[in-house]
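Undergrad: Sequences listed follow chains C and D, in order.
As numbered in my numbering, residues 1 to 223 make up the first sequence, in order.
As numbered in my numbering, residues 1001 to 1415 make up the second sequence, in order.
It should be emphasised that the hints constitute simulated quantities derived from the structure, not laboratory data.
Certain hints may be false.
No more than 20 Å apart at the CA atoms, straight line, and that leaves these computed lysine to aspartate or glutamate pairs for DMTMM-like [as the list claims (entries may be wrong)]:
#1 C/K84 / D/E1063
#2 C/K115 / D/D1013
#3 C/K84 / D/E1315
#4 C/K120 / D/E1252
#5 C/K120 / D/E1238
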Amino acid sequence: MIELFNVKKVFNAGNPSEFSALNSVNLFIEENQVTVLKGPSGSGKTTLLSIVGCMSRPSAGRVKLKGREITSLPERFLTDIRRKTFGFIFQQPNLIKGISVLDNVMLPAYPLGEKRSHLKNRAMKGLSELNIANKAASKVEWLSGGEAQRASIVRALINDPHIIIADEPTAHLDTKLSYRFMEIIEKFKSEGKTVIITSHDPLVYESSMVDRVVNLRDGQIEG
Amino acid sequence: MRHWIEKQRYIIDFTISSLLRRKVKNFGLLALYTLIVFILASTMFFTYSIKKEASLILKGAPEIVVQKIVAGRHDLFPVSYIDTIKKIRGVAAVESRLWGYYYDSLVSANYTLLTPPSNGGAADTAQSSAKITVVESESGGQPVKPLFELGGAVLEPGTLIIGNGIARLRNIGKGDYMPFRAFDGNVMNFRISGTLSSQSELVSSDLMLITGEDFRKLFGIGNSHVTDVTVAVNNPSEVEMVASKIRKRLPEARPIIRDEILRTYDSIFNWRGGMMIVIFSAAVLAFVIFAWDKASGLSAGERREIGILKAVGWETSDVIQMKFWEGAMISLTAFFTGVILAYVHVFFTGSLVFEPALKGWSNLYPNFELTPFVNLEQLTTLFFLTVVPYTVATIVPIWRAATIDPDSAMRFTGE
C-alpha cells in the first residue's frame, strides 16, 4: 500500500548544522495491518512517519501510495491526499484551546465545505463511539488527559481516512489509558483500516494485534 | 458553489472564535485602528463641511467690495468716490459700509464691529431706529444663508446687537451694558439690544452690529469717509469687467471679487485640514508599524495553532483565507466604527476635539452645528488611507505564517 524507495531526509542541508535523519530507507507497509515503527529517540521514527503521512517531503528517494508516486506532487495535491487518506493522532492531543470539543473534532472537515448538519452528526457519532459525547460542548481545556486523547482520535477519523497514523500515542497516557487506546486501534483494524504507529512503549509493540514491528536506529531500518 | 460558500462560513466562524480567544490583543488593535480612522474621518468631514458651509454663506456676500489702498494698506474710503463708481456702466447699486475691529483687553479678544446695510452710509444714520431683518435672496437657485439675522431686535443709537461668541465670552445678554474705550480715550457704554442668530455663527460669532453714528463716534471717523463700499452688478458675467473699470478710474482703489473670497476660504480650510492630516499621517505610519509588528510577531500559541490546522488538512490558502477574514473583520469594523464616531463627533458635538485647530486661532470660537456634507470620494479616500495600509502591512507576515510546515505539530511536545 505504501512503498518507500531509498528515502533520505536531511535537515539544514549545506549548513554546519546539517543533520541526516533518514538514510536510504526502503519500506513496504501493507494494507489493513498494524505496523509499529520502533526505535530510540532520534532514530528517525517521527521523520519517517511525517514522510509517509505526506506532511513533509524526502530529500531524496520516492514514496508511492497505492502505486501512485506522490513525492513530487505540488503542496495542494499533497494536502488533499493527507486530508482524505490519513488521520493523525499526535503525541500530544494538539487540540485547539478556547473552542469546544465538537468544533475541534470538525476542524479537518472545514475546508471540504460539507453541510454543517451532516458534519455535526458524524462528529457526534464519533464522540459517542469513544464515550465522550457528553463533553461535546465543553472547552478542550476542561478535558482529562484520556478524554483529550479520545477527542483527538475522533478528530483523526472525521474524514473517514483509510490510514491512521499515530506518533507516540501512549507517551503521555497511564497504563490503563494505554490499554484503552490499543483497544481502539484493534477496532480500527477490524474495520479494515491501516494503522502505522511510532512507539518505544512495549505495551504497544508487544501487543498481539500488531502485525509488524520495524526497528529504526540512526535513520536506518535494522534487520 | 455551495461547498465554497459553506467552506467560507466555516472559516469565518473559526476566525471569529480565534479573534475572541485573543480578546486583549485584538481589542487593543481594534481600538487603536478605530482611533486612527476617527481622527482622519473627523478632519475630512470637518474640512469638507466647513468649506461647503462657508461657500454657502458667502454666496450671499457682495459681488464686489471696493477698498482704498494707501502704501499697500487698507485705508478709509472717501464718500466722493461712490459717484465715480455709480457712473460705470453695468453697476446696479453701490452701498457704503462701516466696519472695523475692537480689541477687548479684558478677555483678550478681537470683535468685528459692523454697521448693518442701510445703516452705514455716510448720511444714512437717520434710519438707524428702523426694525431690521436681513433676509438674503436666493442665489443661483440654491438657498443662501443670511450673513446675520436680527430677529426683530431694534438697533438704535447707544445700542449693540452682538454675536453669540461674544455673548458667551463676556457672559452678557439682552439688556446688559458693555463699555468701550473710544478713539479719544472716553468711555462709551452701549446697551445690548439683542443677539445674532446662531445659524450663521461661522461668520457672526465675533460680530457686533452698531449704528453708523455710534461707529463714527467710537473710532473718530468723519462723515466724508466710510470703511469700504459694496458694488452690485446687473450681469454676473460682467463682474470682472466692472472690477477692471473701477481699477482704471480709481487707481488707488482695490476691487475684491466674491469668488476671490471664496477661493481664499477654500484654501484656508484646505490648508488647515491638510495640516491636520500631515500631523496625523505620522500616527497612521505608527499604526502601520504596529500592525506589522502584531501580525509578524505571531505568538507560539498562534504558530502552533496554524501547525495543527495544516497537519489536520488545511491548505496554506485556507490559512491565508482565515487570516484574510481576520484582517477584513478588524479593518472593516474599525473603519465603520471610526467613520460613524467621526460623523457624530463633527456633526453632533461640533468637533469637540479638533475645534481649536480647525476653526481658527481666535478666542471667540464659533459654536454652530455643521450641516452634514459627506461625499463618496471622501469615504473612498479614507478607506484607501486606512484599510489598504493595514492590509499591505499584514499580508507578508500572514503568508509567512501560513507556510509553517504541517509536521511542526508532530514536533510539538510541550502543552
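Undergrad: For every hint, state whether the structure bears it out.
TA: The hints, checked one at a time:
Only pairs whose Cα atoms come within 20 Å are accepted, and C/K84 paired with D/E1063 is rejected, the gap being roughly 80 Å. For the given pair, C/K115 sits about 14 Å from D/D1013 by alpha-carbon distance, which is consistent with the 20 Å threshold. Between C/K84 and D/E1315 the CA atoms are separated by roughly 13 Å; this keeps the pair inside 20 Å, and the hint holds. This hinted pair does not check out: C/K120 and D/E1252 have alpha carbons roughly 90 Å apart, beyond 20 Å.
As the CA atoms of C/K120 and D/E1238 are separated by approximately 80 Å, the hinted pair breaks the 20 Å bound.
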